[in-house]
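Work out the full structure, taking the sequences as your base and the hints as a guide.
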Amino acid sequence: MIRTLSLIKRRPDITRDAFREHYETVHAPLALPYMDGLVRYVRYHLEAELHGTIGFDVISAFWYRDAESTAKLMTILASDEGKPILDDELTFMDKPANVFFPVSERMIEKGEEGEFHTWLFARKPEALDRSEASKVLVRDYLPGLLKGAGGLRFALLRDAFPIEGGTLPYDAALQIGCDEVGGLASSAARLEKDGWTVAAVQTRRHETAL
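In the numbering used here, each residue carries its 1-based index in the sequence shown increased by 281.
Don't read these hints as lab results, they were simulated from the structure.
Quantities reported herein were computed from a predicted structural model and do not represent experimental measurements.
We put the beta carbon where it would ideally sit given N, CA and C, even for glycine.
Relax, there's no trap hidden among the hints.
No more than 25 Å apart at the CA atoms, straight line, and that leaves these computed lysine to aspartate or glutamate pairs for DMTMM-like:
(1) 474 <-> 330
(2) 391 <-> 328
(3) 353 <-> 488
(4) 376 <-> 362
(5) 474 <-> 461
(6) 353 <-> 445
(7) 416 <-> 440
(8) 353 <-> 317
(9) 364 <-> 302
(10) 428 <-> 394
(11) 290 <-> 386
Okay, the calculated beta carbon distance ranges per label pair:
(12) 302 <-> 411: 36 to 42 Å
(13) 306 <-> 464: 34 to 40 Å
(14) 473 <-> 412: 20 to 26 Å
(15) 320 <-> 410: 27 to 33 Å
(16) 464 <-> 361: 49 to 55 Å
(17) 296 <-> 396: 19 to 25 Å
Structure below.
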């Protein structure tokens, strides 16, 4: 299974509501036939910005059957066959601001995913390598982050991996389903005090049935 996240930003002349409407009613249905080997496809559209500088309007999550499926899609997008998708992206996305990267997944709290989520993105301090940063995040910060989520019912931690020649906007993404998020602020502040870059948002899930 190949998993990726895309952080996608709307054009500045388009409202967030219009962006979401176009993505769900035009773009996702347009792109789906080209995504052979796609196992799951979810868009987590932003409902609120909670913390930090937010440079995106939707978190698009893709689960592909295998590496061959992702390679096939990249080939299509680079050809004339994929031109309708790329042309449509220009009508509502700020393409230069978009980023995507492969991720791993660790289920922290298994439960009903639900419709609304809080996401916390973290970029490591330069002094830590990626492997060490992942261990430190889980050992030193994750317990406090989960404790700050009242009524916790679901938690999934993703580690990000850089694409060759690229850089990562974040090294980890924690997705939480809970009733209250007020307690997350102190944990986010602690991360920042220790040199991490943190961004947090609330989202609403839109999933395509495959």
